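K.L.:
Heads up: the protein sequence lines correspond to chains F and C, in order. Following the numbering used here, the numbering of the first sequence begins with 14 at its first residue and continues without gaps. Following the numbering used here, the numbering of the second sequence begins with 21 at its first residue and continues without gaps.
Calculated from the structure, these hints are not laboratory results. Keep in mind it's a predicted model, so treat the numbers as computed, not measured. Among the hints, a few may not be true.
To be verified - Straight-line Cα separation of at most 25 Å, SDA-like style, residue types lysine to any residue; simulated pairs:
hint, chain 1, residue 1, chain 2, residue 2
1, C, Lys67, C, Phe85
2, C, Lys46, F, Ile124
3, C, Lys77, C, Asp58
4, C, Lys67, F, Leu90
5, C, Lys298, C, Arg276
6, C, Lys67, F, Arg116
7, C, Lys46, F, Gln93
8, C, Lys67, F, Gln42
9, C, Lys67, F, Glu111
10, C, Lys41, F, Gln93
11, C, Lys46, F, Ala122
12, C, Lys267, C, Ala332
13, C, Lys251, C, Thr238
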Amino acid sequence: MTEHLTEDEVLAAIPGLTRTRLFAFIETQLVIPLRQETENSSAHSFRQVDFARLRLLCELTDDLELDEHALDIVITLIDQLHAARQDLLAIVRAVEAEGIEVRTRVGSAIIAPKK
Amino acid sequence: MTIDPYGALGLTKSATADDIKKAYRKLVRTSHPDLHPDDAGAEARFKEIAAAHDLLKDPATRARFDAGEIDASGTERPQRQYYRDFAEAGDNPYQQRQGFETHGDPADIFAEILRQRTRQGGGDFGDRGFPMPGPDFRFMLEVPFLDAVRGGEMRITLPEGENIAVRIPQGSQDGQTLRLRGKGGPGHGGGPAGDALITLSVRTHSVFRREGDDILVTLPITIDEAVLGAKVTAPTISGPVSLTVPKGVSSGRVLRLRGRGVPVMSSKAAGDQLVELKIMAPPVIDDALRDFLTDWRKNHSHDPRAELLNEAAS
């Protein structure tokens with residue numbers, strides 16, 4: 014299974030990340046960690062993807078001086094970009110696996126100017 | 021690393037602190053790997069820029085560098101993983117769309133994408149605020165072994181404080197994710213609510229172990245049961261059952277209880293329970309047993325290790 018980090022580990026590893034800021038990110042759902050539920054306690058548990066995302070959020074905030082609204086817009090656009098790229102990649106792989114005839118037909122349909 | 025931090029930021033030594041900040045921000049925009057997922061060179065460029073900025077952003081460090089007290093090598097940044105490395109992965113939880121999962125004909129995938137596009141983008145300009153589904157909430161839930169195997173119900177508390185029941189399906193596996201539709205964050209502009217995604221972490225059990233759909237149990241038996249055979253009681257996940265131990269068994273012999281393993285949702289056949297026998301000496305060796313075995317050894321010795329020792333030597 015993937016390695017998970019605790020709240021303290023995440024705070025220690027990312028410069029510029031304070032507990033207040035981390036809670037704000039979680040509150041606004043810019044980052045959605047897992048919640049570790051045991052008998053009578055509940056704690057956050059951060060995956061590697063959450064960790065990398067937190068670091069990006071901090072860099073966008075500190076280096077580009079984005080405020081929370083701009084940050085929300087930028088990270089949402091980045092996510093949409095990745096989704097679109099992944100769709101595209103899936104289609105490219107699927108078409109690539111087809112024979113020469115299909116590839117030619119699909120390729121020319123894309124290149125051909127729209128009516 | 022022998023780079024010139026001023027050169028890396030496109031500046032000269034006369035740059036002001038403000039120049040440094042501006043130049044750095046501009047370069048972050050053009051070179052941050054997460055803002056340029058297709059740019060293979062972005063990572064190397066960003067590393068250099070960030071190292072240069074680390075050195076020059078602090079006036080004290082910058083003064084020491086200018087005076088030749090330190091060089092640029094100390095600021096080299098360690099390898100790191102960028103968000104784009106995860107965002108590319110198929111299971112990225114921050115994905116902004118449902119993906120190509122379809123339960124019908126693969127040929128319908130394209131039609132489905134087009135349908136989603138038209139629904140989301142088709143609103144006319146008078147329609148302010150487009151519908152957006154709410155975010156998914158993610159949880160990790162520790163499940164007792166038997167609840168995972170037999171199915172059960174547990175409760176979790178949502179971030180808003182609502183306490184909901186989670187039905188653990190029969191035969192749930194460690195790491196499996198359950199989806200509760202509509203139990204995530206509320207949607208915007210008439211969009212549907214997100215889902216609650218619950219990843220199960222199955223606890224171990226002191227008696228039962230699981231291997232695929234089979235349940236493994238180690239069952240202690242006595243010497244006489246091993247020699248003479250017996251009807252004994254064995255625990256299973258659905259309660260004790262009677263089990264026939266054949267005559268003359270050894271430790272390690274595995275008996276199979278068909279259909280007493282993990283129920284499988286998709287088919288009617290459940291897994292099996294495998295019972296591994298383990299011969300236990302009685303807690304007290306009484307005179308009768310000792311005398312009998314002493315006698316028995318005189319005339320009936322056999323060496324169960326003979327073959328083993330032969331093979332070990334070859």
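K.L.:
So if I understand the rule, the pair passes when the alpha-carbon distance is 25 Å or less; does Lys67 (chain C) with Gln42 (chain F) pass?
P.N.:
28 Å, violated
K.L.:
Tell me if the straight-line CA distance from Lys251 (chain C) to Thr238 (chain C) falls inside 25 Å.
P.N.:
16 Å, holds
K.L.:
Mind checking the alpha carbons of Lys67 (chain C) and Leu90 (chain F) for me, to see if they're no more than 25 Å apart?
P.N.:
Holds, because 23 Å separates the two Cα atoms, which is no more than 25 Å.
K.L.:
Against the 25 Å threshold, does the CA-CA distance of Lys41 (chain C) and Gln93 (chain F) hold or violate the hint?
P.N.:
29 Å, violated
K.L.:
Hey, Lys77 (chain C) versus Asp58 (chain C), does the alpha-carbon distance stay inside 25 Å?
P.N.:
29 Å, violated
K.L.:
When you check the alpha-carbon spacing of Lys46 (chain C) and Gln93 (chain F), does it fall within 25 Å?
P.N.:
Roughly 23 Å between the alpha carbons, so the hint for Lys46 (chain C) and Gln93 (chain F) holds.
K.L.:
With a cut-off of 25 Å on the C-alpha distance, tell me whether Lys67 (chain C) and Arg116 (chain F) pass.
P.N.:
39 Å, violated
K.L.:
For a C-alpha distance cap of 25 Å, please report whether Lys46 (chain C) and Ile124 (chain F) respect it.
P.N.:
Roughly 34 Å between the alpha carbons, so the hint for Lys46 (chain C) and Ile124 (chain F) is violated.
K.L.:
Given the hint that Lys46 (chain C) pairs with Ala122 (chain F), does the C-alpha gap stay at or below 25 Å?
P.N.:
Violated, because 39 Å separates the two Cα atoms, which is more than 25 Å.
K.L.:
Quick one, are Lys267 (chain C) and Ala332 (chain C) close enough, alpha carbons at most 25 Å?
P.N.:
Answer violated: Lys267 (chain C) to Ala332 (chain C) is near 30 Å, above 25 Å.
K.L.:
Has the given pair, Lys298 (chain C) with Arg276 (chain C), been kept, meaning a C-alpha gap of at most 25 Å?
P.N.:
15 Å, holds
K.L.:
Would the hint linking Lys67 (chain C) and Phe85 (chain C) be met if the CA-CA limit is 25 Å?
P.N.:
19 Å, holds
Going through the hint list in order, the structure does not satisfy hints 2, 3, 6, 8, 9, 10, 11, 12.
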